[in-house]
Amino acid sequence: MNKEIKLSVNDLKISFRTDGGKVQAVRDISFNLYKGETLAIVGESGSGKSVTSKAIMGISAGNSIHEGGEILYDGQDLTRIPEEEMHKLRGDKIAMIFQDPLSSLNPIMRIGKQITEAMLLKNEANRKEGRETFNKTLEILSQTMKEALAENPNTGFSAEDVDKNIKTFDNLNIQSIKLENSYNEARTAAEELVAIVKDVLFLAEKKQKVDAVAQLKLVERKLEAINDKYFVGSYAETISGHIAAVKNARKAEKAKVTLLDSVKKVFSSGAAGKDVSEETVAALEQVQKTAEEMLAQPAYDFLGVDYYLEKNPGVDLSAMGPIEANKLTNDYLEKDFLGDFIKLTEIAVRYSFNKTQENKKKALEVLAEGAKFFQAGEFAANQAKETAKKLTDSVKAAIDPLAVIKDNVAYTFGDALGREVDNYFFYLKNNPKEEERFAKQTAKREKLLAKGKKVDWKVVPKSVIEPERQIETIVSIINRVSAKFQADIENAGSFDAGKRCEELIAFFKSKASQVVYKLTKPIAKEKAIKLMEEVGIPEARIRFRQYPFEFSGGMRQRIVIAIALSANPDILICDEPTTALDVTIQAQILELINKLKKEHNLSIIFITHDLGVVANMADRIAVMYAGKIVEYGTAEDIFYNPQHPYTWALLSSMPDLDTNEKLDAIPGTPPNMIYPPVGDAFAERNKYALEIDFEMQPPMFEVSPTHYAATWLLHPNAPKVEIPKIITERIKRMEERGGSNGE
Amino acid sequence: MVNNNEVLLKVDHLCQYFRMGRKDLKAVDDVSFEIRKGEAFGLVGESGCGKTTTGRSIIKLYDITSGNVYFKGKRIGAGTRSYKDAIKRAKKDLKEKKITEEAYKTILEENRKLIREAKTNNALVDKEYAASLVAELEKEYAPKLAAAQEDPEKFKQLRREYKNKLRVAKKSKLITQIQMIFQDPIASLDPRMTVRDIIAEGLVIKGIKDKEYLNEKVYQILETVGLVREHADRYPHEFSGGQRQRIGIARAVVMEPEMIIADEPVSALDVSIQAQVINLLNDLRTKLGLTILFIAHDLSVVKYFSDRIGVMYFGKMVELAPSDELFKNPMHPYTKSLLSAIPLPDPVYEKQRTRVTYNPLAEHDYSVNKPSFREIAPGHFVHCNDEEEAKYRAMLK
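The listed protein sequences correspond, in order, to chains A and B.
FYI, the working numbering numbers position 583 of the first sequence as 583, with every residue one higher than the one before it.
Count along the second sequence from 1, add 1000, and you get the number used in the working numbering.
Because the hints were derived from the structure by calculation, they are not lab data.
Careful: at least some of the hints might be erroneous.
Said to hold, decoys possible - Some but not every residue of chain B turned toward chain A, in silico, with C-beta under 7 Å:
{"no.": "1", "residue": "Glu1046"}
{"no.": "2", "residue": "Ser1047"}
{"no.": "3", "residue": "Ser1240"}
{"no.": "4", "residue": "Pro1257"}
{"no.": "5", "residue": "Ala1275"}
{"no.": "6", "residue": "His1297"}
{"no.": "7", "residue": "Ser1300"}
{"no.": "8", "residue": "Tyr1304"}
{"no.": "9", "residue": "Leu1344"}
{"no.": "10", "residue": "Arg1355"}
All figures in this text were calculated on a predicted structure; none of them were measured in a lab.
Positions of the beta carbon are idealized from the N, C-alpha and C atoms, including for glycine.
Could you build all of it, start to finish, from the sequences and the hints given here?
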């Protein structure tokens, strides 16, 4: 499968601290989420579906313990990154829809405010963060350049050149940002203008009461605010014409109102001017048309424009169209400045890459030594910690600071190693205690049993990890980094400094524009209304001002989806989004989610306990039971060729339209995860359980390259078992209906 | 499954309105249906269409606005709105001189009488029912007591037994023959009562004081619903969702009802637990000969469980048919839309499934010809007008 992996969860382990003991909610689950696909996670309540999704969002409950494993998104391990980093992802990149729309909306806030709130706050934070990252990366770049020049003096550049160039680049960015800011302000004013005009026209069309004079004054002010020459460009005359027209319209409206007011005074009844006159409407329509035309123009590339203007003062580029101006200035910029800058950056990038390659080679030796040290065992605490620190330092030195995409394995190495080393000493100390407690409790229990008493408590299993096992874990972490470095060194030939350079400059530009992009309330409102229309809310402009209680259940869920989409996320996690809704609304919401998935190219994690819902939505399905994935495969695999007894049970416990026979209910309840079973967790409720199921956990058996199941029944030595009749018959019916074609 | 035609429950033009400011909210508007003995009758529709309200009106959790509810041939609920409306209409007609004074008076008298009857009906029904029970008891015990005249010990014991039963019989109400199972097993059980208290509460209210008898009854019913004796002294929070719903069922079944109204009993449960509860309800139905009114929005479950299904839309019953017939020949456009929205565990089929939307304004033109509830095929009723009736009939051929 050569699809792009968006999110990958590896060996995730989460437990909860409770009064009764440690509940192991998620035990070693791994899955990948590909771009643009829907992965459904199916299971009973308490199987750990929601815990997994909450861990991905970084909103696990307070008493949860992350015991191991990783969640990789964009090269970052979400379980390890600090909360500040998580802020940037949560909502922005990974959004979530919850089960109950009523409880995820604030009842005393208008819908509009709830949709725009996050947009506005995020925008502010992004601008601040953009500036910081920009400065930091530029500093690193300048340092690396200097170092690089010090190493090879015959490149034709000197340290002063670096300072000059960096300064110019920084200056250029700041200047162009200023230029862009004023352009953007004008643009914003135009967007606001469109919003206001749209509002007035909408109300006028609906024959609602409008304070026309005040609104026209606002329009006038906005028109005057669009004064940036780059934005107005060739529209200057049209705009001044509009200003005059609006002024006239305002005067006319004012005259009308005063007349009506005097009439009102005489008869002391009737409302003041309700409708907007046709002239005004016409004028406003013209204004809207021009503003929209202007907004549709492509934007200037202000980096080039600014540089050109600085070098050639007195030239006016505004008359030129943005496309031509961009071309001219960019060529000039390339020739005059960027050429040098890019050359310098390339030198720096190459130098930094080579240096880190060297460091990697060095680190490999250190790592090999470290692995040997840990493998030997028998080490004192301070000694081990020292070694760990040494390893961490050498790995850190091998990370290329100029790489835009950070290497995750190396990035998280220090933390992971430190924790495992700590764990080693913890277990060394704790193991005897646990053994003692376990022996004591078992003895007590047995004594009571011998007396013939009824004992309704179990002995908490000992949480003992052999030191050898722990050392293995430590060594495996070290080996993983080594393998990664080895691969990097081997692939060094394919390194493309030019490409890396482009990436870096694009990164700078994106950060700079992030600083510049300012969202104001009217624009946010316009965006929100667009979103609401997109999720299928009729009359969004009126609905915008309503409260959640004025919406029906399905509409509320649509609002929640709109809020989730407002930040344009990559990944959408839907935690039972339709469980609280009835069949028709459920079908609508599912269709909506499917539509949005295609339009926004979203990757979706869809959590539910209803397999019927999943058949429509999912590309792939993972069936979870007691914190483990027991079977996963494509939707066709799971529905037409289920392998795990739990999947059988799930399928056969729900009736479809042709079911007449008695349902195969799953007897009993899920196991208590404070005492997770030794063998297969489902064995106790499974009528197909083999003896080995009670003793050993089954590994994942491959059914087909896309289909895996963890059941001993797939072992070559296992006895042949018939799939329950209710399922075989249903599959047969589905085949008859022209469904499955056996693939 | 059902082969007797004894009508157990008859709902006749039931209306249930709620006050909403000046207007009335018509939660249930002119709904009529019959449930035969031993039958499972399903009621489906989207949320807010009045399914639950219908159930609650039947069991008299609300005072019904108009219409009648008959249980075992006796009227257990009656509303007065329709009679009042008739008087109002007559008054108006009199003003416009459409009817004579005399005719008006007869209408007035008639309807006033009906209103009076409806109002006194509730008390009378229970009284009659209690009286009939008392009479039965007398008939049973009179010879026994007479026979035991000579033995004072036995006579005393018999007499005590008779007195106890008499007390219960005098307090009996017909409505306790219908019991309800609620949707949310967490919210419907009192967290401060033990399972024993919860299950026995109905019996205690009925007037049974014998502790041993109560305990025995509770244990027996716990075992019937698949729980064990030890559970009797626990509190609801100590149970899982499925077990809680079993307690809810036990509480209903312990009253030895003839009929159970199950209001979305599985909607709040996991799929695997759903199957357990449905199987349990099915077992109880065959074992105890229960009649069940099954209210749910999950069509696959309703189809699986019910013999006949009524589809409701905004307070009206739009279609009623045997379940196989309904799924084979849906007639009302709303039913079609509802059926097209059912998700099935079949990915290939699912990806081709197109949902039909229902827009009542576009589908029906009721400006001239008013619709009513008509029988299109034997046992298959649809809410339609003349024109549509012809269309539906043509569809069947």
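A closest beta-carbon separation below 7 Å is what the hint needs, so does Leu1344 of chain B meet it against chain A?
holds (6 Å)
Just to be careful: measuring from the Cβ of His1297 of chain B to every Cβ in chain A, is the smallest value less than 7 Å?
It holds, given that the least Cβ distance between His1297 of chain B and chain A is near 4 Å, below 7 Å.
Proposed interface contact between Pro1257 of chain B and chain A, which counts if any beta carbon pair is under 7 Å
Violated. Min distance 24 Å.
Proposed interface contact between Ser1047 of chain B and chain A, which counts if any beta carbon pair is under 7 Å
holds (5 Å)
Next item in the hint list is Ala1275 of chain B. Is there a CB on chain A closer than 7 Å to its CB?
It holds, given that the least Cβ distance between Ala1275 of chain B and chain A is near 4 Å, below 7 Å.
Next item in the hint list is Tyr1304 of chain B. Is there a CB on chain A closer than 7 Å to its CB?
This interface hint holds because 3 Å falls under the 7 Å limit.
Could you check if Ser1240 of chain B really has its C-beta closer than 7 Å to a C-beta on chain A?
At 5 Å from the nearest chain A Cβ, Ser1240 of chain B passes the 7 Å test, so the hint holds.
Under 7 Å, Cβ to Cβ, is where Glu1046 of chain B needs to be relative to chain A, so tell me if that hint holds or is violated.
Holds - the Cβ of Glu1046 of chain B comes within 7 Å of chain A, reaching about 5 Å at its closest.
Taking the closest Cβ pair, is Arg1355 of chain B under 7 Å from chain A?
Result: holds, 5 Å to nearest chain A Cβ.
Can we keep the Ser1300 of chain B interface hint, with Cβ of chain A closer than 7 Å?
OK, holds: Ser1300 of chain B within 7 Å of chain A, min 5 Å.
Violated hints amount to a single one, hint 4; each of the other numbered hints is respected by the structure.
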